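Visitor: These protein sequence lines map, in sequence, to chains Z and V.
First residue of the first sequence: 1, per our numbering; consecutive thereafter.
First residue of the second sequence: 1001, per our numbering; consecutive thereafter.
Fair warning: there could be bad hints in the mix.
[What the hints assert, rightly or not] To give an idea of the chain V side of the interface with chain Z (calculated C-beta under 7 Å), a few residues: (1) Leu1013; (2) Tyr1039; (3) Gly1043; (4) Arg1067; (5) Ala1086; (6) Phe1103; (7) Gly1106; (8) Met1107; (9) Lys1108.
Keep in mind that the hints were calculated from the coordinates and are not lab data.
Please read all numbers here as calculations on a predicted model, not as lab measurements.
We treat Cβ as the ideally placed atom computed from N, Cα and C, and that holds for glycine.
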Amino acid sequence: EAGVAQSPRYKIIEKRQSVAFWCNPISGHATLYWYQQILGQGPKLLIQFQNNGVVDDSQLPKDRFSAERLKGVDSTLKIQPAKLEDSAVYLCASRLTLRGAPPNVPPSTVYNEQFFGPGTRLTVL
Amino acid sequence: GNSVTQMEGPVTLSEEAFLTINCTYTATGYPSLFWYVQYPGEGLQLLLKATKADDKGSNKGFEATYRKETTSFHLEKGSVQVSDSAVYFCALLTQGGSEKLVFGKGMKLTVNP
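With the rest of the complex left out, here is chain V (with noise of 0.2 Å):
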């Protein structure tokens, strides 16, 4: 079947901090992936995506690359910021049929000042 395996927080960084979110994948056929953002009292945002294997998704200074061969999706920052304190999801849309999101359990970040 299809799942999301992500790392579980939460978790505390100093600003400035360099982030990585580890996010793993059990897919049939070739799934896009995506990372979701959900900041404190919002609704869930699209961070980034990528369609295919070695493709680089980007947003916000955030980055994440399609790894086909180790089926990852790890999500990195270089520098956090206060403003990035949320909660981040890894998901990933099925193939055939009715495409849908599954997605991970999230991952809860602070950054602090």
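So that you can see chain Z by itself, here it is in the shape it has in the complex (with noise of 0.2 Å):
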């Protein structure tokens, strides 16, 4: 089974510029996700998709970062303009999302992996 592909592994960019990031997550997984990870740092999240709909996107900074999952599977990140402090390996996962557990279930008891891409490493000089 194909992992998580995300595009392109590295960007060098000016400040000011724009850049976009691809995310193909494994076949038929409903949850997608976007991380940014600082050197240093844990990642940290910065949007949550369910299929095409944003569940979470709290973390996000909207003012220079958007991402879209139009048909419910690939996405794009999109930060416009850049800054130094964006400089960070920016990680996709996915995960598959049970469908149809009782109600009474916690989630965390049948909790599904989140399986992660290799990551963009981006540089903004």
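Join the two chains into one complex using the hints; note that each chain is given alone, in its own frame.
Guide: Okay, structure coming up:
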């Protein structure tokens, strides 16, 4: 089974330029996540999609970051314009998301693993 | 709020040494807990998990026990190998609404032959 694919793997841009990242999740995975991992820190969730709808974008800097998943499969994350502090690895992850679980079963007991892509390393000069 | 605090590195060990990486958490409710590993040049991989108190997750010789009383999930391995060199992240899964992973800062481990 193919894993989560991301491109490009590396990108170097100057500040105030625009950049876009692409993610192809594992086939059949309904939930897709974008994380930002700054050097020396753990990944931080930027946005979560369920199919083509946004579930959580509370930590997405909406003045410069945008993301979409129009057909509920691939996703793109865009930064416009980029700042120096956006230098980081951008990780995409996907998850199957169990459907049809009994209503009284806590989600954590039927946890479906998040599978991570290799990431895109962005350097803003 | 939800947060994870883990032992910061980097740490260098000799092969066959004992490894402990401390992890404590603060959470609303009753989260699931995880250890992820990131090998050089690769993506994050789930190493092990525990979903309730006193659960022990184990994989590849690594173990961690969910301790609700001390809000901890320390990672241990009795005898590390060179191939264990990687960055290790402790994480919790928040409850309610949109379930999301909250990660610690990670700890880089280097194992020398």
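Visitor: Hint by hint, say whether it matches the structure.
Guide: Cross-check of the supplied hints:
no. : hint    : in the structure
1   : Leu1013 : violated (20 Å)
2   : Tyr1039 : violated (11 Å)
3   : Gly1043 : holds (4 Å)
4   : Arg1067 : violated (17 Å)
5   : Ala1086 : violated (14 Å)
6   : Phe1103 : holds (3 Å)
7   : Gly1106 : holds (5 Å)
8   : Met1107 : violated (10 Å)
9   : Lys1108 : violated (9 Å)
Hint violations for this structure: numbers 1, 2, 4, 5, 8, 9, all remaining hints satisfied.
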